[in-house]
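**Student:** Protein sequence lines correspond, in order, to chains A and B.
To convert, note that position 57 of the first sequence is 57 in the UniProt record's numbering; the numbers rise steadily by one, no gaps.
To convert, note that position 124 of the second sequence is 124 in the UniProt record's numbering; the numbers rise steadily by one, no gaps.
Source of the hints: derived by calculation from the structure; they are not laboratory data.
Watch out, some of these pointers could steer you wrong.
[Said to hold, decoys possible] Derived coverage of chain B by chain A (criterion: at least 3 residues anywhere in the stretch with Cβ under 8 Å from a Cβ of chain A; other residues may be distant):
| hint | stretch |
| --- | --- |
| 1 | 93-100 |
| 2 | 344-356 |
[Said to hold, decoys possible] So these bits of chain A aren't anywhere near chain B, every CB distance computed over 10 Å:
| hint | residue |
| --- | --- |
| 3 | 11 |
| 4 | 187 |
| 5 | 320 |
Since the structure is predicted, the reported quantities are computational estimates derived from the model, not experimental observations.
C-beta atoms are modelled at their ideal positions from N, C-alpha and C, and glycine is treated no differently.
2 protein chains.
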Amino acid sequence: MTFEPQSLTLPDPLPLDGGGMLADARIAYETYGELAPDRSNAILLCHALTGDQYVASTHPLTGKPGWWERMVGPGLPIDTDRYHVICANVIGSCLGSSGPASIAPDGAPYAMRFPVITIRDMVRGLVGLLDALGIERLHAVVGGSMGGMQALSLAANWPERAQRVLVIASTSRHSAQNIAFHELGRQAIMADPNWRQGEYYGSDTPDNGLAVARMAAHITYLSEDGLTAKFGRNLQDRPEKSFGFDADFQVESYLRYQGSGFTRRFDANSYLYITRAMDYFDLAEEHGGSLAQAFAGNPARFCLVSFDSDWLYPTAESRHIVHALNAAGAPVSFVELSAPFGHDSFLLDVPALDRVVKGFVE
Amino acid sequence: MTFEPQSLTLPDPLPLDGGGMLADARIAYETYGELAPDRSNAILLCHALTGDQYVASTHPLTGKPGWWERMVGPGLPIDTDRYHVICANVIGSCLGSSGPASIAPDGAPYAMRFPVITIRDMVRGLVGLLDALGIERLHAVVGGSMGGMQALSLAANWPERAQRVLVIASTSRHSAQNIAFHELGRQAIMADPNWRQGEYYGSDTPDNGLAVARMAAHITYLSEDGLTAKFGRNLQDRPEKSFGFDADFQVESYLRYQGSGFTRRFDANSYLYITRAMDYFDLAEEHGGSLAQAFAGNPARFCLVSFDSDWLYPTAESRHIVHALNAAGAPVSFVELSAPFGHDSFLLDVPALDRVVKGFVE
């Protein structure tokens with residue numbers, strides 16, 4: 001992975017929820033559109049588990065388009081002719097921000113010596129970036145999935161920093177089933193002999209384990225109906241079953257492709273750290289056990305969006321947040337959109353989402 | 001694995017759906033209750049993916065009770081004071097019936113040279129067992145999950161062999177999502193360097209991969225609500241999060257336990273073969289693309305049972321079978337039971353299931 005992302009080093013050590021500090025935290029970020037002279041038009045986009053700062057520009061490793069190019073750009077729902085969009089790689093990740101692959105002060109990669117972080121720690125890094133960029137108050141913070149967790153965390157812990165909070169296909173806490181799927185992925189990575197307690201930098205990487213972890217996660221991103229519509233029981237490039245263990249079915253071939261492709265752009269240790277942060281996320285727990293308390297007196301406007309086919313963070317989780325915001329007296333709108341793609345709907349062609357996003361951020 | 005299961009060797013080679021024959025197929029089985037002089041009181045129980053013939057007796061490897069002791073025994077819903085219950089290990093498995101761990105004619109284990117089999121092939125083995133035992137017509141065939149697939153296959157392909165067909169928490173075909181979860185498990189096993197293309201007998205076994213496969217499957221056996229009720233976000237034997245990668249949450253500890261325990265009683269290659277057979281299962285495809293055709297003129301009575309919290313083989317799959325049986329003019333009853341345990345409900349304490357089973361088999 002040789003590329004030179006735009007980044008800055010935070011001037012102050014970052015205090016962490018697990019205790020201790022992260023010194024010299026580096027935050028890699030991209031921006032799109034001009035910042036207004038009064039700095040009032042900044043929108044912070046928060047990325048998901050395996051996302052990155054390349055929201056509307058080509059990924060430097062894969063050469064693929066940005067992950068939300070359909071939403072962010074000139075004339076698009078998040079209009080870069082009007083807004084200054086900032087998207088930063090979260091700490092713990094591997095696209096330029098400080099993470100387990102970063103070099104520690106002793107000159108060797110942190111690997112598993114990197115501190116275990118939380119969603120709030122990620123947001124501390126993002127707030128540090130905003131401070132460094134001189135942006136006191138965001139026009140909006142927007143995120144889907146884990147990005148939605150960051151948006152909620154920013155709203156709850158730095159309530160003056162965002163005027164609008166848009167949370168898509170997300171949750172205020174990881175459920176037992178959510179944790180179970182992540183633990184499965186972590187066990188797959190740690191079972192790979194190349195993982196070697198995380199000390200694999202400079203040698204063979206635990207690609208097999210990481211691919212299995214990605215396959216597991218990927219199943220949770222799609223709906224059963226979506227999988228049936230896309231693949232059903234169709235065979236892959238063959239007239240009949242092989243009576244062997246090749247990828248007979250298209251869905252098998254697709255999953256293998258998703259797994260192996262992922263290993264070329266993501267660091268296995270980062271996958272461990274970020275899934276851990278998500279599993280630790282419980283916004284109510286951070287605020288005395290009351291989710292409404294997390295938003296008490298919050299001056300922002302909120303919008304929650306869920307998808308009817310999302311079984312990873314189902315609509316009930318968004319409703320749970322809406323009820324807490326209602327209890328806190330915060331202005332909130334909520335919509336459940338119908339889309340066939342499961343959790344991944346927030347990244348895909350759902351025109352109704354475009355309208356909701358455009359309407360809310362304006 | 002040293003134990004001596006009751007078994008017999010089929011006198012005739014077993015023709016297989018993939019072509020070829022399996023010679024000297026061995027079928028390990030258990031029986032409970034007396035066979036009536038007119039041989040009219042036999043009930044065949046078909047086991048699930050990781051099940052075995054020890055339905056109502058102690059498992060010889062784990063020392064644990066049989067998997068359906070709550071249902072099968074004197075005075076129980078499947079009353080061994082009245083019925084002669086037969087349960088056989090399916091071919092491809094590893095509890096005494098022919099499978100990849102069996103010794104091939106050349107004196108070495110089959111490993112991946114064992115032929116890829118189908119659900120119908122498993123049932124061919126069961127029918128061979130019934131022939132050998134002199135049982136022409138079953139009072140009933142009963143199965144849950146993969147056992148239900150076998151019951152359906154027996155009814156469709158050997159319609160004179162069973163008077164009653166009871167199918168619990170099952171499906172007539174594996175969906176794309178079902179295949180995806182199994183492929184994930186297979187990839188986890190095959191990624192384990194100890195797997196060595198299946199040639200691991202007599203050396204280290206691919207326990208890490210098999211444990212991950214089991215964890216993935218286990219998540220699909222439970223409901224989200226059930227996981228939340230059982231574990232929620234409770235921590236395991238600690239007052240607060242460790243900020244590390246130990247099993248902080250009870251659900252993590254539980255999954256690790258399920259994974260590692262499984263490797264002590266199951267062969268990884270058998271897991272590959274049996275999941276493959278399930279993924280290949282599509283009863284309509286075997287019968288000209290029409291599920292109703294599979295049951296045309298069938299003389300048996302059918303009963304289908306689903307559970308409202310089962311997302312592996314949801315109620316819609318049972319309804320699909322019921323509609324086909326209706327179209328075929330077969331007598332069928334159907335009930336969706338409410339139970340919190342997900343797919344595993346068929347094995348657990350659901351008194352309503354006891355009543356349905358007792359009422360149908362009498």
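**Student:** State for each hint whether it applies.
**Tutor:** Checked hints:
no., hint, in the structure
1, 93-100, "violated (count 0)"
2, 344-356, "violated (count 0)"
3, 11, "holds (25 Å)"
4, 187, "violated (5 Å)"
5, 320, "holds (12 Å)"
Checked against the numbered hints given earlier, the structure breaks hints 1, 2, 4 and satisfies all the rest.
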